[in-house]
Every structure is written in structure tokens, then in C-alpha cells.
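Q: Take these sequences, add in the hints, and give me the full structure.
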Amino acid sequence: MTVNEAPTSVAINTAAVAPGELAAPATATVPARPAEVLRTESLRVGYDRLVICESVDLQILRGSYTAVIGPNACGKSTLLRAIARVLPFTAGSVVLDGQDIRKVPTKELATRLGLLPQTSLAPDGIRVSDLVARGRYPHQGMFDRWSARDEAAVIAALEATGIADLSGRPVEELSGGQRQRVWVAMALAQETPVLLLDEPTTFLDITHQYGLLELFERLRSSSDRTIVVVLHDLNQAARFADHLVVMKDGDVVAAGPPAEILTAQLVEEVYELPCRIMPDPETGAPMVIPRAMG
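Going letter by letter, the sequence shown gives residues 1 to 294 in full-length UniProt numbering.
No lab work stands behind these hints, which were simulated from the structure alone. Values in this document were obtained by computation on a predicted structure and should not be read as measured data. From the three backbone atoms N, C-alpha and C, an ideal C-beta is built for every residue, glycine too. Among the clues, some could well be false.
[What the hints assert, rightly or not] Have a look at the derived ranges for each label pair, beta carbon to beta carbon: (1) 36 to 106: 22 to 28 Å; (2) 276 to 142: 54 to 60 Å; (3) 283 to 121: 33 to 39 Å; (4) 51 to 99: 22 to 28 Å; (5) 151 to 251: 27 to 33 Å.
A: And the structure:
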């Protein structure tokens, strides 16, 4: 399972009205949605007896663009898989819109939270449009037919990722970068309010890397989606994300706005990389400049 918001409670004044009297205005009470959309509490997760993340506390705000960064094998992908309930966790909890994800039916969860994993395998011979269309499965009932909304979602995803001209081609014939954009399109077609993306820029040239990260920002700002993305490029993370989560050895060691937490000291402690931090001349975001060796 790769991967709407929690139901809004409404109280209506239904008091009886005597003949000849004017009805009192209906009153509706709609609780404000909490700023927090996703959190983990003391999350413990791993593979068999190997514990990767021991006790992770994480908070993701609604409508934010969060980048998870850290060295290889520090637990970034493991954390995303546990949040998406792809990988069982042995302790702690994951809470989505105030609800423990273990209590959410699988298909419902897939309409609320989407995951693009680090690696995916397409069925032999499947065409691009058919693979992207699989992102619509969570929205369809047992007897539902393919709808105009399904068709529109697939077309929009193909166009957003720049692969509409590839829609009729078999996925296996595409380059690595093209295939990666097909998987991103499938995740977009799923139309979940929360989208988790594990290294989505893998295999992409620099033009498509920046284009994809800009696309996620447009999704966040125009449709109030929450984006959580794992990235290796610190400068891309600082440039596009409004919230960074820094991991090392299976734990979150820093979290907050890039301008506040991305320091030379932090980079050296986490990556063992001496560096300087300077403002990005285009955006003003912090930019990591490795120091010259020797």
C-alpha cells in the first residue's frame, strides 16, 4: 500500500418552531482544524531485531513543506515507511489528524496519506497512463466505474510531471529519470492531503530536480497539501522547504526553519563535513559551502 481530511463535525440547531414564529438562525459549530496534521510519539521501528529508530518524536504542520535530511542509513526512509504504515513499528504511535493510523482502514488511509517509496517496480508491459491511473484505486469502490474526476486527476498528474507525451509508452522502455517522474505522477494522481516522498529527485537531471521541487511547492501553496520529502541535497532542502527535520543514527537531532537550524556546526556534527553557511544569492536561504580540503 502506498499510500481527505478528518470528517468535520457540525452541530445544527434543530429546535422545533411553533406555527407563526420565525425560525431562529441555524447555528453551526465547526471546530478549527489543528495546525498539526501528523506526529510520531516515541516511535520505535526497525527490521526484525535490528532497531533503526529508537524513540522518534516528530511533528508535521498542516500545509507545510518539510524536508527530512541526514546521512545515509540514518533512518529517513525507515521513518517514512513507518509513518505510512508500510513498515510495522514496535512501540510508540503515529497520529494522523488526531487519529492513530493503526485504527484507520487501509483504503481510507490511502486517500489521506500517500507514499512514494525510494524504489518501486512496475508490472511488465504496463503503459505509463495505466500505472499513473493506479493512483486512483483508493478512491474507487468495488462497483465504481472510472469517472471523469479520475480521468482529470490522471491527466493533471501527467501534465504536472511533464510526461503527458509518454502516456502510451511501456514504462520499461523509459529512462531512469522518466520512470521516476511516472512514479511521482502516480502519487500525485492519488490526491492525498499528505504526501510523503522518499528521494523523489533520484535519477533526475538538475532541471527536472528543481522543476519537481517547485511543483511540490505549488501543490502546497495552491491546494493546502502537506509535503514531506527526503532529500540528500542540503541546499535544495533549505531552498524549498519551510521546515527541516535533521536525522542522525535513527534519531531527530534538530527540527525547525532552515534559517534557524542549518548551521555550520550542525552540518559538521551530522555529516562530519567542515563547511561555511552563506545566503543563497537567489533566495536568501542558507547555503552549505564545503570547505576546501588541504
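Q: So the hint says 22 to 28 Å: do the beta-carbon atoms of residue 51 and residue 99 match that?
A: 26 Å, holds
Q: Falls inside 22 to 28 Å, the C-beta gap from residue 36 to residue 106?
A: Since residue 36 and residue 106 have Cβ atoms about 23 Å apart, the given range 22 to 28 Å holds.
Q: May I ask you to test the hint 33 to 39 Å on the CB atoms belonging to residue 283 and residue 121?
A: 37 Å, holds
Q: Given the hint of 27 to 33 Å, is the C-beta distance from residue 151 to residue 251 inside that range or not?
A: 44 Å, violated
Q: 54 to 60 Å was suggested as the range; check whether the CB atoms of residue 276 and residue 142 agree with it.
A: Between residue 276 and residue 142, where Cβ atoms are some 58 Å apart, the hint holds.
The earlier numbered hint that this structure contradicts is number 5, and it is the only one.
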